[in-house]
Amino acid sequence: MSAIDAGDEPLLPPGFRWDRPWQGAMGPPTALFLEGEEVARLVQRLTGEWYVLLERQRPAPPGKPFAPFVQRECSSLDQGRRGTVMWAVRHEARIRAEVTAQRVRS
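According to my numbering, the sequence shown is numbered sequentially starting from 1.
Distance ranges between label pairs, derived from CB positions:
| hint | residue 1 | residue 2 | range |
| --- | --- | --- | --- |
| 1 | 10 | 37 | 15 to 23 Å |
| 2 | 9 | 105 | 26 to 34 Å |
| 3 | 45 | 65 | 20 to 28 Å |
| 4 | 47 | 104 | 38 to 46 Å |
| 5 | 66 | 93 | 21 to 29 Å |
| 6 | 101 | 8 | 29 to 37 Å |
| 7 | 104 | 77 | 27 to 35 Å |
| 8 | 51 | 104 | 24 to 32 Å |
Hints listed in this document are in silico derivations from the structure and should not be mistaken for laboratory results. Glycine included, every Cβ here is placed at the ideal spot set by N, Cα and C.
Between the sequences and the hints, there should be enough to build the whole structure, so can you do that?
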């Protein structure tokens with residue numbers, strides 16, 4: 001049995017939405033956005049396995065081109081979506097603060 005029970009996907013906090021990661025992307029929506037800023041993305045390997053990249057809203061550290069990747073394995077697309085929603089709910093306040101700070105900087 002999976003660590004996350006199958007069933008209905010948990011509700012996203014207000015302002016979060018699933019969408020395709022880029023215009024013209026095929027397949028189901030795999031990117032989670034808050035106020036137009038991507039915060040997580042599910043990715044399928046060529047082998048068919050799924051993983052999720054979290055914390056995509058974080059800025060790069062000084063002197064680095066990118067923020068460090070936070071990657072988690074997923075047993076399926078559906079389980080990855082459920083886990084990503086649970087992550088967004090758990091870290092909602094921090095994610096909102098980081099997205100707001102990112103908007104102020106740009």
